[in-house]
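Colleague: Here's the letter readout for the chains.
There are 2 protein chains.
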Amino acid sequence: MREFELIDSLRRRLAATRADTRLGIGDDAAILAPPPGHEVVITTDTLIAGRHFPDDTPPEDIGFKSIAVNLSDLAAMGADPAWLTIALAAPALSAGWCDRFIDGILEALSDTGVDVVGGDTTKSDTLTISVTALGLVPAGAALRRDGARVGDLVAVTGSLGDAAAGLTCWPHRDGASADERALISRLTRPTARHGRRLRGRVHAAIDVSDGLLADVGHMLSLSGVGATIDADALPASPALARYAASVDERRRLQATGGDDYELCVTLPEDALDSARAALDCPFTVIGRIESQPGLRLTDAHGDTLDPQWLARAGWDHFDGH
Amino acid sequence: MREFELIDSLRRRLAATRADTRLGIGDDAAILAPPPGHEVVITTDTLIAGRHFPDDTPPEDIGFKSIAVNLSDLAAMGADPAWLTIALAAPALSAGWCDRFIDGILEALSDTGVDVVGGDTTKSDTLTISVTALGLVPAGAALRRDGARVGDLVAVTGSLGDAAAGLTCWPHRDGASADERALISRLTRPTARHGRRLRGRVHAAIDVSDGLLADVGHMLSLSGVGATIDADALPASPALARYAASVDERRRLQATGGDDYELCVTLPEDALDSARAALDCPFTVIGRIESQPGLRLTDAHGDTLDPQWLARAGWDHFDGH
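Protein chains in written order, with UniProt numbering: chain A, 1 to 321; chain B, 1 to 321.
These are computed hints drawn from the structure, not numbers from a lab. Take these hints with a grain of salt, some might be off.
The list treats identical chains as interchangeable, and a pair is accepted whether it falls inside one copy or across any two copies.
[Claimed, not checked] Distance condition first, Cα-Cα at most 20 Å in a straight line; then the derived SDA-like pairs of lysine to any residue:
1. K123 x T21
2. K123 x G200
3. K123 x P138
4. K123 x R100
5. K123 x D99
6. K123 x G258
7. K123 x H301
8. K123 x G158
9. K123 x D55
10. K123 x R51
11. K123 x S9
12. K123 x S209
13. K123 x Q308
14. K123 x A49
15. K123 x D56
16. K123 x D210
17. K123 x L106
18. K123 x W97
19. K123 x D146
20. K123 x C98
21. K123 x A241
22. K123 x D80
23. K123 x G50
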């Protein structure tokens, strides 16, 4: 496939449909017209073969995930996704590979209203996909990491740990059980949550990409607060609950596994019902924001946990010491 | 250098200064507030080591060029550059390399008023830099490729062919003459032109990145017109005029060499003086837009040129056949 054919193919299959897309792919740049009274939220994330997904990941899954991780960042800002650009660097690709890659992109974008407005395709020994995503929020309404307040509940969407468990199943995926296939699909097909529905309902938000504790740590340090998290309150999917070999293993996968792309938020207790009703997925309270800096992990009895994997997960970086 | 330290370093050295940057690097995404009555222009370009610059290019030059090529795309739209994101994928990098890379970025951004509002650093075997740049234009005022009209002059900023000549000098750069060093610097330090000053003065614009004939061809096909270009009117730097071994060689470098990042525009004859006065660089008429489709190359006497390198440069793709 020649250098520009992927972009041509993208353009054909991804015709701009938004009224506020003044000009899509095909010029030196695209032209966008954000609506009055709105701000533009922008994020960029790169996926690299062998690092962010296994080398033998099907192209549909690569396309899907490269979009989803960026939509998740927009969700964590409470933004309505609007536009994105895709920069693909890859070894010589077949037309079949590209068609399947675009299939995955289209699937990730279905029902989002997003226009692909730019792209770049270049040859490279390392398969690399950089996506930049733009979203819209009413001025001043974006969710940020630095808004957590003492007394807030900490809550998380969906379930945690599936993607990290799925990665352990990947090598034997051909003979995987139904549970293992479910876990793998969380790794290959992460779904961005509807963060826009949390606007006006939560004080702070982040998406869980590096692992829960690491990501909560980012919120805490930017907000100048601390938190206690109940490891036994972390929501587990039925597949993970059955798959984890021990309670300790389940806790580790949920607390430190990355790639879940759930949203973790802090919110006042009286906003909990409204936030839960606004979402179309489980929404679980997992802890509380406190004035004491640092992040404390407990079990269901309130006893402090200090398993070995905490130190390995970089706990020192996040506990205020 | 750890994965996130480059972004931390970028954040420290590239503090957001624009009033319309509501939130810079450090959250899930940045928040931008485009001024009322303006549209946002967005472009993305990837540079890959060994393909877009020689493997042994100094990090300052890599940083500089990765910014400049994107600013050039914004210039070709007539946009005021405003924001950008930088995604760097690289083998393990020293702090020294990163400092020098950022030096080049800062140099390319000096006096532009641009804020770096996002980034991503990942480990990769292949050094890859993807930049997404955003600019602002008054609504409806962006310059496009598809506006060329029959009777327009075709004009180009600066001089053509230096970067392609510089590439031929690269292998012996340590012993390069002053002329050769000047040509090499056009390759390593391209400068985006002030395309914003051409708003309201030209009908169509494109930046010369693939090579003049290829880029003019893009304008012609999108505008549904043709053109005749005078190969002997193409502006040459004094260094190139002395360096080129023959008239044919100079024409080839100027007509097909890429990476010049000059602007090629079409404009009505009565706007020429105004456009020239608005720019701070040479602005040379090189041809005229015609109704006959295709691109014709002549010498100063108006005789058609059909050198062998035209076919090799993909001429067939652009001549309407």
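Colleague: Tell me, which hint numbers fail for this structure?
Modeller: Of the numbered hints given earlier, those the structure breaks are 1, 2, 3, 7, 8, 13, 17, 19, 21 and 22, listed in rising order.
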